[in-house]
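A.B. asks: Here is how the chains run, residue by residue.
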Amino acid sequence: MSQQLPGAVDGEGSGLSSTGLLEFEEQTEVGELYLRALMHRQGRLSLGIALVFAGFLLAQPLLAWWWPEWGRLRLLGIPLAWLLLGVLSYPLLIGLGSIYVRRAEEVDDEFTDLLRGR
Amino acid sequence: MSSPISFAAGDRVTPTSAAVLGLVAMAAVSLGAGLFARRWAHTTSDFMVAARAVPPRVNAAAISGEYLSAASFLGIAGLVMQFGYDVLWYPVCYAGGYLLLLLFIAGPLRRFGAYTIPDFAEGRFDSPRFRRLAVGLVLIIGFFYALPQMKAAGLTVQTASGLPYGVGIGIVALVVVAGVVGGGMRGITFVQSLQFAVKLFAISVPAFLLLIHFSGTGVPFARGVGGLDRLTTTTEFRVVPGEIWQIAGKTQVKVSHPAAYGWQKQAPTASASAPAAGFEGGTGSTGKINHRRDHQRSLSGTGQLPQGTVTWHTSDAVTIKRGQPAPFGNETPASTGASWIAPFGPLAGGTGHPLLFTYSLILAILLGTIGLPHILVRFYTNPDAKASRRTALMVLVLLGAFYIWPPILGALGRSYDPGLYGSNLTDAVVLLLPSQLGAGWLGQVMSAVVAAGAFAAFSSTLSGLLVSLGGALGHDVYGRWLRPTAGQVARRRAFQISALGACLAAAALGLLVQQFDISVLVGWAFAIAASSFFPLLVLGIWWRHLSTLGAAVGVALGGGIATCSIITTMVATVSSPLATFLNQHSGLAVVLAQPAIVTVPMAFACMVGISLLRPNPPAAVAAKMVQLHAPELLGLRREYIPE
Chain A
826 MSQQLPGAVD GEGSGLSSTG LLEFEEQTEV GELYLRALMH RQGRLSLGIA LVFAGFLLAQ
886 PLLAWWWPEW GRLRLLGIPL AWLLLGVLSY PLLIGLGSIY VRRAEEVDDE FTDLLRGR
Chain B
344 MSSPISFAAG DRVTPTSAAV LGLVAMAAVS LGAGLFARRW AHTTSDFMVA ARAVPPRVNA
404 AAISGEYLSA ASFLGIAGLV MQFGYDVLWY PVCYAGGYLL LLLFIAGPLR RFGAYTIPDF
464 AEGRFDSPRF RRLAVGLVLI IGFFYALPQM KAAGLTVQTA SGLPYGVGIG IVALVVVAGV
524 VGGGMRGITF VQSLQFAVKL FAISVPAFLL LIHFSGTGVP FARGVGGLDR LTTTTEFRVV
584 PGEIWQIAGK TQVKVSHPAA YGWQKQAPTA SASAPAAGFE GGTGSTGKIN HRRDHQRSLS
644 GTGQLPQGTV TWHTSDAVTI KRGQPAPFGN ETPASTGASW IAPFGPLAGG TGHPLLFTYS
704 LILAILLGTI GLPHILVRFY TNPDAKASRR TALMVLVLLG AFYIWPPILG ALGRSYDPGL
764 YGSNLTDAVV LLLPSQLGAG WLGQVMSAVV AAGAFAAFSS TLSGLLVSLG GALGHDVYGR
824 WLRPTAGQVA RRRAFQISAL GACLAAAALG LLVQQFDISV LVGWAFAIAA SSFFPLLVLG
884 IWWRHLSTLG AAVGVALGGG IATCSIITTM VATVSSPLAT FLNQHSGLAV VLAQPAIVTV
944 PMAFACMVGI SLLRPNPPAA VAAKMVQLHA PELLGLRREY IPE
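Chains as they are written, first to last, in the working numbering: chain A, 826 to 943; chain B, 344 to 986.
Think of the hints as simulated: they come from the structure by calculation, not from any bench. Certain hints may be false.
What the hints assert, rightly or not - Stretches of chain B that chain A covers, calculated by requiring three or more beta carbons in the stretch to come under 8 Å of a beta carbon on chain A:
id: 1; stretch: 544-556
id: 2; stretch: 601-608
id: 3; stretch: 730-739
id: 4; stretch: 757-769
id: 5; stretch: 939-945
id: 6; stretch: 965-974
Just so we're clear, the structure is a prediction, and the values are computed from it rather than from any experiment. All residues carry an ideal CB built from backbone N, CA and C; glycine is no exception.
With the hints as extra help, turn the sequences into a complete structure.
C.D. replies: See the structure below:
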């Protein structure tokens, strides 16, 4: 195994030749702008979804703190606080995760098309 | 449910042949599958990253199988039974950690093509010294996560079969190491996905059957609301001198021999480590008693135990009729149904700073998951970032399907088997509750099933840890520092020997920690991971200005202070001046036992602050960002380990 670091991108073997890609590989300022735009979009997507989940999670202790009655509410005999945290969290996690995966793949694909099509 | 259940004092339970059968079957299947998968492992790449040829669905099952440790399979149900609502944060955050991993880490890190966190540290920052720091942390976190698994292995085998603690550890170590050394990553992937299926079956089916079984006797949660918790069956407890009971209300008892006990009105005071008595639960002594204030009492035939704390002075068989209050052992704070069901119950409320404790707990588990070394390694077995993301999503689905069940078992345990409180056996509720399905074949089969599930739980997590420890030792310590010129065969041999050595070391340490508070050990692993590797990964991937110095200082400081604060908490359990001090400063005690809420922001601040003050990003950082974020289709990718 060679000691080559993963950062050492030399561009050989990519087999693709288009201007956008070339600028990307040669790390020109234009290529740099492309990358920043991609990271910005992906980062905003991730952060937005993370904030939704964090809000859901972090609001619950505050709710119980300011409104103690919350811990005593029941639905069909099951405490509502248990249902929300112990059961509904998982569908929410899965829902947020699948929204993210779909959107992230779209962003990646759009970016690939953009660079290849130029 | 008519015959009285009988428990010996301490940890011992009457072994059942069904449970032993379940354990043996699971051990045989794991071993057989691992050896069978051996014929697939031909190259180092097969060994280390399963040749990156594992489809997302199988990979996700393997990741979930590896992640669901004894803490998830046994611990959560036991803790829910002990503490109620507050424990729900554990399963939700265990699963939630994977959403964060999916959002910020899974795709980019796979693209970077590194194999471990040390690979990332060196590749991103061009610093072999930083790599060494990361390898050190991987070994520490890995070992501290392996110890409680070893302990769980010893206890489960002991509970099921009556064999000594050490024998259980030995058997499990043998099975696990055979799989890891024999099959490598590819074999492990196969075995772990199988083990996930076993665990999901073994937690959901018994819980479902018990729900149906008990539904004739009332809604599960409704039972605990009445205030005190009453025995649903006439129960015989065997007590030994020194055993402590907390009595919630006057209790009618019958003793087999004339008995003597000390009594005092107060409940035991919570020790400083109580907030951390989380992850594996139950094994920490959460109560301390001042015996000099005891009133001496005696009892013969039928009599009444007063409300308060009772310390038995004689060995006896104590029978309590159904409908009487259940006694709580010294490991569970006595709780009413209402305080158990509501937020900020005995776990968070007992610390004196429920909100602070809850938030710190959420932070530690949510963020610590990402920094656990055996978790990230799995994502490199994906062919590309797209598969890596899909795998993480699939893991969320599988974890969600699993984590709904353990709290249900814990709640059923509280309502229908409160005798476990008095015997300090809440940890084993998953193993013991299925016997309530009756003495017929169903109860027997389900007891075997949960024993098999428990075996799958600790053995799959141990396998994963051994692969990462073996990887860190074989790939890094041997392959990079000792013999950088070693060939494929030598590297593979080094990996096998390292995994074997790591397993022996963990087993030996597992023998030593039998009396130790393992919840503190697991808490340590999560807290270090959350306050060192988590900020490193997130900032390293998403912030190009992170400097090598900033990252290294942040990792060392965050991980170091988290370690020190937990060591302080551990010392407080044996040093009474320190414990007294911490009791007087309960806010400080909470932060020391659960330091994530301080150390995680601190590590972030440190990394950002130093990077901004002395801007010195590593060379070619732009190329690294391309590597991390550019889609594979552009063909810019390099593999760290050649296929």
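A.B. asks: The structure should be examined with respect to each hint, and the outcome stated for every one.
C.D. replies: Hints, verified against the model:
no. : hint    : verdict
1   : 544-556 : violated (count 0)
2   : 601-608 : violated (count 0)
3   : 730-739 : holds (count 5)
4   : 757-769 : violated (count 0)
5   : 939-945 : violated (count 0)
6   : 965-974 : holds (count 9)
Violated hints, in rising order: 1, 2, 4 and 5; the structure is consistent with all others.
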